[in-house]
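Note that the protein sequences, when read in sequence, are chains H and P. Numbered per our numbering, the first sequence finishes at 335, counting up by one with no gaps. Numbered per our numbering, the second sequence finishes at 291, counting up by one with no gaps.
Don't read these hints as lab results, they were simulated from the structure. The reader is advised that the hints may include incorrect statements.
Stated by the list, open to error - Below, a list of computed lysine-lysine pairs in the DSS-like style, where the Cα atoms sit at most 30 Å apart:
#	chain 1	residue 1	chain 2	residue 2
1	P	K89	P	K263
2	P	K285	H	K314
3	H	K7	H	K314
4	H	K7	H	K185
5	P	K285	H	K185
6	H	K185	H	K314
Note that this is a predicted model, so its numbers are computed, not measured.
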Amino acid sequence: MKLAENKFALALGVLATLLVLVVPQFLKNYGIYLLTYWLVFIIATMGLNLTVGYAGQKSLGHAAFFGIGAYTVAILMKAGVSFWLGLPAAALICFAVGLVLGFPALRVQAIYLAFATLGFNTAVWLVMRNEEWLTGGTFGINNIARPSLFGYSLEGNLAYYYFVLAVTVLMASLLWGLLRSPWGKAFTALRDNPIRAESLGINIRNYTLLSFAIGAAYAGIAGALFASLVQFIEPGPFAVAASIMLYLMVVVGGAGYFLGPVVGAAVGVVLPEWLRDVPLVSNWYLPMFGAAVVLLMVWLPDGLLSIPDRIRSKRAAREASQARAAAAGRIGAAS
Amino acid sequence: MTDFLQLFFSGLATGSIYALAALGFTLLWQASGTINFAQGEFVMLPAFMMLAFISLGAPMLVSFVMATLLAVLLLGWVFKRGVVDPLFKYGMMPIVVATIGLSIALRNGVRAGYSAEAHPFPSLFADKLFNIAGVTITLQDVGTFALAMIIVLATQAFLAKTVTGRAMQAVAQNTESASVLGINVPRMIFYTFAINAVLAVAAAMLVTPTYLAKFDMGEGLGTKAFFAAIIGGFNNSRGALLGGLIVGVCENLASAYISPAYKDAVALVIFMVVILFKPQGLLGKKEERKV
Numbered sequence: 001m002k003l004a005e006n007k008f009a010l011a012l013g014v015l016a017t018l019l020v021l022v023v024p025q026f027l028k029n030y031g032i033y034l035l036t037y038w039l040v041f042i043i044a045t046m047g048l049n050l051t052v053g054y055a056g057q058k059s060l061g062h063a064a065f066f067g068i069g070a071y072t073v074a075i076l077m078k079a080g081v082s083f084w085l086g087l088p089a090a091a092l093i094c095f096a097v098g099l100v101l102g103f104p105a106l107r108v109q110a111i112y113l114a115f116a117t118l119g120f121n122t123a124v125w126l127v128m129r130n131e132e133w134l135t136g137g138t139f140g141i142n143n144i145a146r147p148s149l150f151g152y153s154l155e156g157n158l159a160y161y162y163f164v165l166a167v168t169v170l171m172a173s174l175l176w177g178l179l180r181s182p183w184g185k186a187f188t189a190l191r192d193n194p195i196r197a198e199s200l201g202i203n204i205r206n207y208t209l210l211s212f213a214i215g216a217a218y219a220g221i222a223g224a225l226f227a228s229l230v231q232f233i234e235p236g237p238f239a240v241a242a243s244i245m246l247y248l249m250v251v252v253g254g255a256g257y258f259l260g261p262v263v264g265a266a267v268g269v270v271l272p273e274w275l276r277d278v279p280l281v282s283n284w285y286l287p288m289f290g291a292a293v294v295l296l297m298v299w300l301p302d303g304l305l306s307i308p309d310r311i312r313s314k315r316a317a318r319e320a321s322q323a324r325a326a327a328a329g330r331i332g333a334a335s
Numbered sequence: 001m002t003d004f005l006q007l008f009f010s011g012l013a014t015g016s017i018y019a020l021a022a023l024g025f026t027l028l029w030q031a032s033g034t035i036n037f038a039q040g041e042f043v044m045l046p047a048f049m050m051l052a053f054i055s056l057g058a059p060m061l062v063s064f065v066m067a068t069l070l071a072v073l074l075l076g077w078v079f080k081r082g083v084v085d086p087l088f089k090y091g092m093m094p095i096v097v098a099t100i101g102l103s104i105a106l107r108n109g110v111r112a113g114y115s116a117e118a119h120p121f122p123s124l125f126a127d128k129l130f131n132i133a134g135v136t137i138t139l140q141d142v143g144t145f146a147l148a149m150i151i152v153l154a155t156q157a158f159l160a161k162t163v164t165g166r167a168m169q170a171v172a173q174n175t176e177s178a179s180v181l182g183i184n185v186p187r188m189i190f191y192t193f194a195i196n197a198v199l200a201v202a203a204a205m206l207v208t209p210t211y212l213a214k215f216d217m218g219e220g221l222g223t224k225a226f227f228a229a230i231i232g233g234f235n236n237s238r239g240a241l242l243g244g245l246i247v248g249v250c251e252n253l254a255s256a257y258i259s260p261a262y263k264d265a266v267a268l269v270i271f272m273v274v275i276l277f278k279p280q281g282l283l284g285k286k287e288e289r290k291v
């Protein structure tokens with residue numbers, strides 16, 4: 001059974017690889033744009049999944065980092081700096097700000113932290129909206145160029161898609177490696193029982209700060225790619241509502257599941273964007289989504305990706321009870 | 001100086017509305033460990049209910065009573081049975097996520113199903129100005145403040161003086177001992193949800209004439225109510241009142257003397273200072289970390 005499952009996973013992986021590599025060739029511009037949009041949000045949600053799902057820090061300010069990344073690239077490129085310097089700068093600045101935001105997390109936990117990060121998001125959003133000299137205020141920054149790589153222009157949607165895909169795969173591999181390393185174990189220990197983790201010699205302070213900083217750096221990179229994808233940014237997509245949406249995306253996909261962000265980003269941003277022009281659906285998408293989140297919490301609090309686990313544990317329980325019944329039958333027959 | 005006083009008094013009026021919402025927040029937290037992210041929407045929905053009753057021709061008072069009954073049913077009973085009870089055993093975060101989902105559903109449901117526009121809402125108070133020693137105060141502000149204070153103080157008197165109120169406090173402090181003493185715990189928790197709903201309707205009646213009835217009017221209100229509750233002290237219901245007034249007044253002063261563009265950051269700054277130096281809030285008691 002284990003082998004069959006592995007084979008199934010392998011087949012699914014091959015199929016997915018083929019899909020992301022080949023299908024865009026046959027899509028129109030809008031389809032490619034949507035796929036790229038999805039990938040950008042997968043990167044952002046991966047970072048939040050590390051902070052929330054693996055390290056257990058309730059952060060409701062992730063869109064602020066996404067925005068800081070986007071504005072960093074946009075402002076630097078307007079000043080004539082290359083995208084290839086802007087991208088690492090976005091990641092570094094977000095890493096540093098994430099480290100600073102981690103400090104309240106050392107004092108307060110759970111819901112207090114959620115509101116502290118939410119407040120941080122409001123503050124960042126206010127700066128984006130009010131400091132016109134820097135961010136263009138509500139008018140935003142437009143005509144953000146797409147970069148070119150080794151003389152090969154990424155201007156076209158398809159080229160940019162493959163570039164973002166490469167970055168996504170790279171970031172996912174890095175996260176995968178991180179989670180398999182002792183660091184990853186320390187993060188989950190921090191989530192599951194901080195006091196026990198501390199008594200086992202894990203430096204809670206450093207790991208809390210790091211979980212924020214690494215998550216923020218992911219959002220920064222996603223934001224940089226986002227700015228170059230949509231080519232026009234304004235404060236709207238980085239408001240508190242966006243942070244809440246990112247959080248819900250992690251939870252809906254399955255917090256602490258590696259592929260959770262793929263599912264979460266599809267449900268959270270790609271579907272509503274895709275259905276935007278369907279009149280009745282586009283109005284009712286968000287109400288339905290909100291209601292679905294409530295139902296999901298009541299029936300499946302670990303997210304959509306916990307369904308296979310749940311089926312597996314049900315099956316195991318059934319097999320165990322059958323085995324017990326058989327054993328009881330044997331004992332009954334022997335006596 | 002007169003400017004300052006004027007700003008101070010109108011800040012008190014806004015602050016007393018924050019206090020109403022914050023008080024509901026604290027009561028729910030104390031009685032059932034529920035953090036209600038949809039608190040702002042719990043104010044928005046009754047505003048639209050009252051508008052609906054008014055447009056059917058009901059007078060203000062009747063529509064207030066009808067909206068209160070409806071809110072106790074929907075935002076009290078249905079909310080408790082449908083969302084909080086099934087999630088209670090999983091701890092705090094699933095309830096938080098569910099109420100976030102609820103707030104999105106309610107906000108956008110009203111937008112899609114009713115209207116995305118802002119609707120005017122009749123005020124309880126006549127358009128009148130008072131002039132006391134050069135300070136101009138509107139009747140609206142005085143009335144809002146007075147009514148909100150009466151409601152907050154009445155709620156506190158109910159909790160402190162009546163048998164039911166004391167039973168509710170007992171449940172909040174120690175559910176097991178309360179149940180051993182023969183208190184009907186589920187019923188007391190339901191009363192808390194009902195009181196929260198009534199406070200929300202009262203807040204809606206007072207705030208909507210100035211804020212207008214709009215699907216997203218609860219967005220800022222809910223967050224500020226939470227900040228106010230934390231600033232005052234989450235495990236103390238007097239804290240909600242103090243926190244609400246502090247936030248309301250400081251916001252008003254800051255928008256006049258510092259920058260109106262950063263008005264919404266005021267509650268946040270006070271909140272940050274309070275949780276960094278006194279995490280239990282100004283009036284709260286310290287709780288030890290449990291292993």
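Checked hints:
Between K89 of chain P and K263 of chain P the CA atoms are separated by roughly 39 Å; this puts the pair beyond 30 Å, and the hint is violated. With a CA separation close to 45 Å, the supplied pair K285 of chain P and K314 of chain H exceeds the 30 Å bound. A threshold of 30 Å between alpha carbons decides the hint, and for K7 of chain H with K314 of chain H the separation of about 22 Å falls inside it, so the pair holds. Pair hint K7 of chain H plus K185 of chain H holds up; C-alpha atoms about 27 Å apart against a cutoff of 30 Å.
Among the hinted pairs, K285 of chain P with K185 of chain H is inconsistent with the structure: their alpha-carbon atoms are about 35 Å apart, more than 30 Å. Taking the CA atoms of K185 of chain H and K314 of chain H, the gap is about 27 Å. The hint holds against a cut of 30 Å.
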